[in-house]
Amino acid sequence: MASAARSAWPAPRALALLATLALLALVPPVAGLLHQPFYVELFRRVMILAIAAVSLDLILGYGGMVSFGHAAYLGVGAYAVAVSAHYGVTSGLVQWPLAVLASMAVAGVIGAISIRTSGLYFIMITLAFTQMLYYLGIGIEEFGGDNGMRLTTRSQFAGLVPLAHPTVFYYVVLGVLAAAVGLGHRLVNARFGLVLQGARSNEPRMRALGFSTFRYRLAAFAIAGGLGGLAGALLVNQTEYLTPDFMHWTRSGEIMFMVILGGMGTLTGPVLGAIALILLETVLSGWTEHWQGLLGPILVLVVLFARGGLVGLLPAPRTGAER
Amino acid sequence: MTLLLVCEQLLNGLQYGVMLFLLAAGLTLVFGIMNLVNLAHGSLYMVGAYVATAVFARTGSFVLGVAAALAATLLVGMAVEVVALRTLYERDHLDQVLATFGLILFFNEAVAVLWGRAAIHASVPPFLSGHLELPGGLRYPAYRAAIIAVGLAVAVLLGVLVSRTRLGMRIRAGASNRTMVSALGVNVRLLYTVVFGLGAALAALAGAMAGPIFSVQPGMGEEILIQVFVVIVVGGIGSVRGALVGALLVGLVDTLGRAFLRPLLATVLSLSAANTAGPALASMLIYLLMAGVLLFRPQGLFPASRG
Chain A
1 MASAARSAWP
11 APRALALLAT
21 LALLALVPPV
31 AGLLHQPFYV
41 ELFRRVMILA
51 IAAVSLDLIL
61 GYGGMVSFGH
71 AAYLGVGAYA
81 VAVSAHYGVT
91 SGLVQWPLAV
101 LASMAVAGVI
111 GAISIRTSGL
121 YFIMITLAFT
131 QMLYYLGIGI
141 EEFGGDNGMR
151 LTTRSQFAGL
161 VPLAHPTVFY
171 YVVLGVLAAA
181 VGLGHRLVNA
191 RFGLVLQGAR
201 SNEPRMRALG
211 FSTFRYRLAA
221 FAIAGGLGGL
231 AGALLVNQTE
241 YLTPDFMHWT
251 RSGEIMFMVI
261 LGGMGTLTGP
271 VLGAIALILL
281 ETVLSGWTEH
291 WQGLLGPILV
301 LVVLFARGGL
311 VGLLPAPRTG
321 AER
Chain B
1001 MTLLLVCEQL
1011 LNGLQYGVML
1021 FLLAAGLTLV
1031 FGIMNLVNLA
1041 HGSLYMVGAY
1051 VATAVFARTG
1061 SFVLGVAAAL
1071 AATLLVGMAV
1081 EVVALRTLYE
1091 RDHLDQVLAT
1101 FGLILFFNEA
1111 VAVLWGRAAI
1121 HASVPPFLSG
1131 HLELPGGLRY
1141 PAYRAAIIAV
1151 GLAVAVLLGV
1161 LVSRTRLGMR
1171 IRAGASNRTM
1181 VSALGVNVRL
1191 LYTVVFGLGA
1201 ALAALAGAMA
1211 GPIFSVQPGM
1221 GEEILIQVFV
1231 VIVVGGIGSV
1241 RGALVGALLV
1251 GLVDTLGRAF
1261 LRPLLATVLS
1271 LSAANTAGPA
1281 LASMLIYLLM
1291 AGVLLFRPQG
1301 LFPASRG
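Chains A and B are the protein sequences, given in the same order. Per my numbering, the very first residue in the first sequence carries number 1; after that it's consecutive. Per my numbering, the very first residue in the second sequence carries number 1001; after that it's consecutive.
Source of the hints: derived by calculation from the structure; they are not laboratory data. None of the values given here were measured: they were computed from a predicted structure. Careful: at least some of the hints might be erroneous.
Stated by the list, open to error - If you only want the chain B side, here are some residues facing chain A, beta carbon under 7 Å, derived:
(1) Leu-1004
(2) Leu-1064
(3) Ala-1067
(4) Ala-1084
(5) Asp-1095
(6) Phe-1101
(7) Leu-1105
(8) Glu-1109
(9) Val-1113
(10) Leu-1114
(11) Trp-1115
(12) Ile-1237
(13) Met-1284
(14) Val-1293
(15) Phe-1296
(16) Pro-1298
Glycine included, C-beta positions come from ideal geometry on N, C-alpha and C.
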C-alpha cells in the first residue's frame, strides 16, 4: 500500500511541479528586467488562488467530496485579517493563525452537517452554506456591508517581513504555496491520506475495515478549510480591500475549475490549473469585454473532452486503482 | 393594521413560493429522471424573463410575451440539451456542475451582449395593474394574485400529469429504474428531451412572470437558483410533492423573515443591533432552515423512492 502511494506522485509530475515553482521564483527578477511590475502582482494572485486550489483538491480530488463552497474559507480568512485590522490588531502573527483557525472552525461546522449527506445533496449544501456566509458578509454594515472596506495596512511581522514591498510579499506567497504543496504531499501519502482515498474509492469497505470514514473526512475538510483561510488572508493582503465577493459562488466555481483544468487528485494539477486559468482570463479579458462568454464554452469543452486536465499530458502514474 | 400586514406578507410569501416551485419542479424532475445537476436552469429562467420583457415591450401584449418566452426557452433548452447536456448524463456530478457552470457564464454574457448589463424595465400588464379587494379590507396587487393563481394551477396540472397520465407513469418509472423502462420499449432519449423541455418551459413561465416584480438583468437566474437548490434539498431531490412543500416553506420563511425579523428583534435588542442583525439574519434564514431539516432528515422531507 505504501509503495502504491509513493507512485501516486511520480517523477515527471513532481518534476513539473518543482520546475513550475522554480519558474515562479524567477518572475520578480524577470519582471524587473522587463520593467513590468504588473507581472509580480499577477503571479502573486495566481499563487494565492493556487493555494486555495491545492486545498480544495485535498477534499475534492483525494477525498472525493465535491465541495462547491470553497470560497467560503477564502472569505472567512480574509474577514479574519481585515476585521482584526479594523480593531487595530495588525500583527500577522495574530491575524494569520486567526484566519486559519476561524476557517477551520467554519469548515468543521459546515463539514459536520454536509458530510452526513452525499452526492448532489453535498454539492448543494456546501453551496448553500457559502451563500449564507456571503449574505452574512453583505449584512454586516460594521465591516462595510456589500461595499466592503479597505485594509489600511498589510499584515505586520514586527518590521521583519515588510509585505508592503511587492517582491517580499511575492516570495512570502511563494513560500506558503511551497509549504502547502509539501503539506499536501505529506498528508496524502500518510496513513491519513490513504484512508481518505480509500473512502473515496470504496467507503463500505473502509468502514468494514474499521475506519470511521466520517472522522477522516471531517478532518480533511477542516484542514482544507484552514488552508483555504490562509489563502484568504493572503488574498485580502493582495487586494488591500475586503469584499463579500471573495465568497461569491462564482469564485467557488472558479477554484473548482482550476482543480479540474490542472487535473484533480494530484498536487501538480491545481497549481498548473490556477496558472492556466488566470492567464487565460487575463488574455481573454484584454481581448474583449465579454471574455466570460468565451470562457464559458472553453470550460464546457474542457469538461467534455479533456478529462485528465493538464497533468494528463504528463506521463501517468503506475497505479491501477486511480481513476 | 398589523394583521392586514401579516396577511399581505403571507400572500407575498405564497407568491414567491409558487415562483420557486415553478423552477424547482423542473430542476427536481430533471435530476430525478436524468440524474443531471443542471446549474444552467437559472439561465433558462433568465432567457424567459428577457424574451417576455422584450416581446411585451415590442408588441404591447403580455400574453404574447409569455408565449414567446415559452417557445424561445423551449428551443434554447432543447438546443442546450442536444449540444452539451446529453453527453453529461453518464458523467459524474462534478462534471455536470462544471459544464453547466460554464453554460451560465456563457448565457449571462450573451444576454449582456444582446441587452446590456444594466437591468431592463419590465412593466406590469395593464389588465393586471389594479388591486384586488380581499375580505377584511386587504388590497392585494392583482398581478401578484395572478402569479399565485397560475402557480397553483400549474402545481395541480403537474400533479395530475405525473400521477394520472401515461407520460407521468413513464416519468415516475424512469426515475426509479431507467434500465427497466428502456427494456420495456420506452424511448428513453425522447422521454429525457420531453422532461427537459417541460422543465425549461416551467422555468420560462417563472421568468416571464418574474420580470415585472424582480429586476431583469444578467445573473438574475443564479440569485434565485441557489434558493431553488435549498427548496429541492429541503423537499427531497426528485420529488415534485417535495418541491411544492419545500418551495412554499422557503417562500414563506424568506418573505416573513425579511418583513418581520427586524421589528421582532427590535423588541428584544436595541434598535441599532436589530437594524444590523435583522437583515443579515433574514437572508440567512432559509439556509438555517435547510441545515435544520438536513440534520434530522438527510434526504429531505419527501425522499423520492429510488430503485
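Hints, one by one, checked against the model:
1. Leu-1004: Violated: closest Cβ of chain A sits about 28 Å from Leu-1004 (chain B), beyond 7 Å.
2. Leu-1064: Violated. Min distance 29 Å.
3. Ala-1067: 28 Å, violated
4. Ala-1084: 6 Å, holds
5. Asp-1095: 5 Å, holds
6. Phe-1101: 5 Å, holds
7. Leu-1105: Status holds, d = 3 Å.
8. Glu-1109: It holds, given that the least Cβ distance between Glu-1109 (chain B) and chain A is near 3 Å, below 7 Å.
9. Val-1113: 6 Å, holds
10. Leu-1114: 11 Å, violated
11. Trp-1115: Violated, about 13 Å.
12. Ile-1237: Holds, because the Cβ-Cβ distance from Ile-1237 (chain B) to chain A comes to roughly 6 Å (cut-off 7 Å).
13. Met-1284: For Met-1284 (chain B), the interface hint holds, since the closest Cβ of chain A sits about 5 Å away, which is under 7 Å.
14. Val-1293: Where the cut-off is 7 Å and the nearest Cβ of chain A is about 11 Å from Val-1293 (chain B), the hint is violated.
15. Phe-1296: Violated, because the Cβ-Cβ distance from Phe-1296 (chain B) to chain A comes to roughly 11 Å (cut-off 7 Å).
16. Pro-1298: 5 Å, holds
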